[in-house]
Amino acid sequence: MRRAVFGAAPIGLVALAVLLLVGPGLAAEVDEEEVRRIAAGLRCPVCQNLSVADSPSEMAKQMRQLIRERLAAGVRPEEVVAYFTEKYGEWILLAPKPEGFNLLVWTLPFAGLLGGLVGVLLVVRRWSRRPAPAAEAVDPAYRERIKAELDRLDGS
Amino acid sequence: MIPEIGFAAITVALALACYGTGAGALGAARHRPALVASAQHAAVGIFVLLAVAMLLLVYAFLTFDFSVRYVASNTNRGTPFYYRITALWGALEGSLVLWTWMLAGYTLLVVAFYRWRQREAYPWVLAVLLGIMAFFLLVMTVPASPFQRLDPIPVDGRGLNPLLEDTGMITHPIFLYLGFTGFTVPFAFAMAGLIRGRLDEAWITVTRRWTVLAWYFLSMGLLIGGWWSYHVLGWGGYWAWDPVENAAFMPWLTATAFLHSVMIQERRRMLKVWNLLLIILTFSLTLFGTFLTRSGIIASVHSFTQGTIGAFFLAFIALVLLFSLSLLAWRADRLRGQGELDSLISRESVFHLNNFFHVGVTFTVLLGTVFPLLSEAVRGVKVSVGEPFFNAVSIPIFLALIFLMGVGPMIAWRRASWAGLKRNFLWPVAIGAAGALVFFLLGVRHALALLTLGLVLFVAATMVHDFWRGTRARMRAGRGPVGAMADLALRQNRRYGGFVVHQGVLLVALGITGSQVFSVRTETSLRRGESIEVGRYQVRFEGLEAEEKSNHFLVTGVFTVANDRHVMGRMSPGKKFYPQEQQPIAHVAYRSGWREDFYLVLGDFSRDGQLATVLAMVNPLVSWIWLGGVVITLGTALLVLPGRRRDA
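Those protein sequence lines, which keep their order, are chains B and G.
Take 312 as the starting number for the first sequence in my numbering and just add one per residue.
Take 208 as the starting number for the second sequence in my numbering and just add one per residue.
Hints listed in this document are in silico derivations from the structure and should not be mistaken for laboratory results.
Mixed in with the good hints, there may be bad ones.
No farther apart than 27 Å at their CA atoms in a straight line, the calculated lysine-lysine pairs in the DSS-like style are these [said to hold, decoys possible]:
| hint | chain 1 | residue 1 | chain 2 | residue 2 |
| --- | --- | --- | --- | --- |
| 1 | G | 783 | B | 372 |
| 2 | B | 408 | G | 783 |
| 3 | B | 398 | G | 589 |
Heads up, incomplete: computed chain B residues facing chain G, CB under 8 Å, no partners named [stated by the list, open to error]:
| hint | residue |
| --- | --- |
| 4 | 366 |
| 5 | 383 |
| 6 | 431 |
Here the structure is a predicted model, which means the values were calculated and not measured.
No residue lacks a Cβ here, since even glycine has one placed at the ideal position from N, Cα and C.
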């Protein structure tokens with residue numbers, strides 16, 4: 312039912328004109344932080360890579376107003392987001408929903424970090440256990456000679 | 208006729224590059240100095256020919272030669288004089304000319320510096336550099352010729368992208384390209400080392416200054432890009448995790464990792480393969496960045512032009528990776544590190560972690576940037592990966608890196624003792640914690656901001672503490688305080704230059720934290736004479752002014768701004784209407800201060816000038832980011848001074 316109501320409210324100029332007229336009255340009751348939080352998670356459709364919260368474009372301004380109006384009408388934040396997702400597709404969300412295939416983008420960095428950390432630890436452990444190369448590098452004959460010399464010194 | 212000469216110059220340069228690559232390689236393999244000398248002449252020839260091509264292109268711009276497509280699509284008769292020159296790198300084709308010319312410039316520097324000093328490696332280095340230039344020249348002749356003719360000749364050009372009509376555009380690309388192309392030099396030395404099978408630390412020592420300089424240029428390119436975004440795009444931000452920003456950021460990250468891990472190789476002969484991988488990765492990522500920006504596969508603010516060059520770049524990246532990684536595999540047996548670690552609590556460990564986090568962020572940024580493509584390919588669904596994702600995943604890693612920045616330079620090589628740790632870190636940790644507490648008591652409740660502040664203070668304190676101890680030791684030896692400091696900084700210029708760069712990075716971190724966390728914004732419609740209050744500022748709308756400029760129509764809103772105590776004067780944000788653009792371009796007005804910037808963007812307005820919408824922002828500490836850039840510059844200057852003592 313709610314969806315039907317949303318569907319009937321296109322971001323048309325007429326609707327907006329009305330919104331702008333009643334907007335200030337409504338906006339007073341809305342938590343601007345909440346508006347900003349929702350807007351920050353949505354992509355401005357006419358910009359290249361800015362959020363609705365940041366974008367200076369007219370479109371983003373209209374969308375912010377729409378969010379404000381929905382919230383004022385008592386619509387829950389996640390439903391406001393759902394409305395935009397319905398209208399524009401998943402693309403509108405600046406952070407992909409962590410479900411299904413999208414889980415990859417959320418988990419791989421941490422998996423990579425964890426794997427890397429294990430890798431670093433393994434390397435570090437191997438290196439800390441490896442005998443000092445200096446010990447291998449000494450020629451046995453040379454060592455014998457040192458020993459002999461030392462013995463000679465001790466003997467004298 | 209002029210464009211044909213330009214095209215001919217590029218074609219001849221391509222021929223020279225191909226010849227030079229072959230001659231250099233043959234000369235190197237067969238030890239024929241004459242062939243190497245001939246390749247050297249080819250490099251000089253390319254440099255001159257590209258300079259000629261560039262001048263001809265500028266000439267075409269200045270004379271409005273709209274028969275050249277590149278000129279017609281990037282200027283019109285109204286484009287101001289200076290921007291007709293910078294239009295040279297306003298889009299892909301011209302950028303490539305500038306890029307390759309810089310590469311030729313670096314090659315000549317290599318010729319000048321290493322012809323005699325690095326007699327063995329030098330011919331291979333030359334061959335690799337010429338080979339890379341050959342690729343760029345090929346792109347300039349086949350898919351992206353800057354001199355391509357247009358028929359019929361248009362009466363007027365399309366005009367430069369208005370966003371590029373800005374002073375930031377004069378410097379941003381130059382620094383960025385100097386950075387990108389600069390990494391070709393260490394890459395070429397690394398390849399030369401691999402080909403010859405001589406993989407001592409020589410290539411690193413030889414190329415250290417080049418790498419630092421390239422890193423510096425790239426850092427400045429990124430910062431100037433942020434500044435451009437801040438004062439042109441009209442959204443009060445400087446970084447949007449845009450694909451193209453990411454593309455320039457990734458090589459910066461791997462280069463930063465490289466600059467640190469080469470220190471271990473110099474000191475401890477460790478991480479040989481790793482360092483080669485990092486420089487290969489950095490160089491490939493610079494190419495990948497160009498591919499990402501210019502192929503048009505990803506939408507971005509910077510995709511000012513797109514072409515069919517994607518395939519060329521992709522093929523070249525594949526070739527570079529195949530070539531360099533095969534070489535690496537072939538020489539793997541000679542690259543056994545003399546790795547040896549005495550303790551987990553040592554500078555070596557910190558460097559490992561530093562590298563691991565830098566590469567971790569790079570991987571995250573790469574994944575986030577290409578994920579929309581993956582998603583579309585696999586699921587057929589378009590998704591966006593933007594700021595919320597990148598912030599969530601990368602901020603913890605950056606904080607960890609800041610922490611390591613405090614630990615790394617102070618902890619002992621090989622094995623840190625408990626006493627040493629206490630001596631070096633007790634005070635800094637106390638200062639960091641106390642600072643965070645003070646800010647908490649002052650009313651800062653944002654956990655991330657408090658953590659960042661505490662970490663930044665900790666790191667700054669480690670450096671001040673260390674520098675103070677060094678100074679005191681010299682003062683005991685009878686020097687005055689200033690003399691002692693100067694002596695210390697100059698004698699250990701690598702260490703203290705690095706410190707200064709770190710301080711610059713801390714300033715950038717503070718600026719980012721301040722502006723991200725504590726920014727305040729209000730957007731309202733104002734009638735003439737009405738005021739609003741934003742933070743401690745009062746803004747009154749006084750009316751609109753309009754002005755016809757050479758290539759656009761400018762409407763400015765006039766606002767009088769005051770803060771608590773005094774009138775600050777008028778601020779005039781505006782909107783620029785370009786005939787060739789559907790959307791007007793913002794012309795922001797802002798006042799910068801140490802504490803905060805006050806930033807105004809003009810929104811909609813009524814035609815009679817009685818009503819205007821204005822977006823007012825208070826952005827704390829933004830100018831610290833730019834100050835950080837200045838400090839990084841000073842640090843780099845100290846870092847590349849010919850030091851009296853080689854000490855990390």
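So, going through the hints one by one against the coordinates:
1. G:783 x B:372: 19 Å, holds
2. B:408 x G:783: 38 Å, violated
3. B:398 x G:589: 14 Å, holds
4. 366: For residue 366 (chain B), the interface hint holds, since the closest Cβ of chain G sits about 6 Å away, which is under 8 Å.
5. 383: 17 Å, violated
6. 431: Since the shortest Cβ distance to chain G is 5 Å, the answer is holds.
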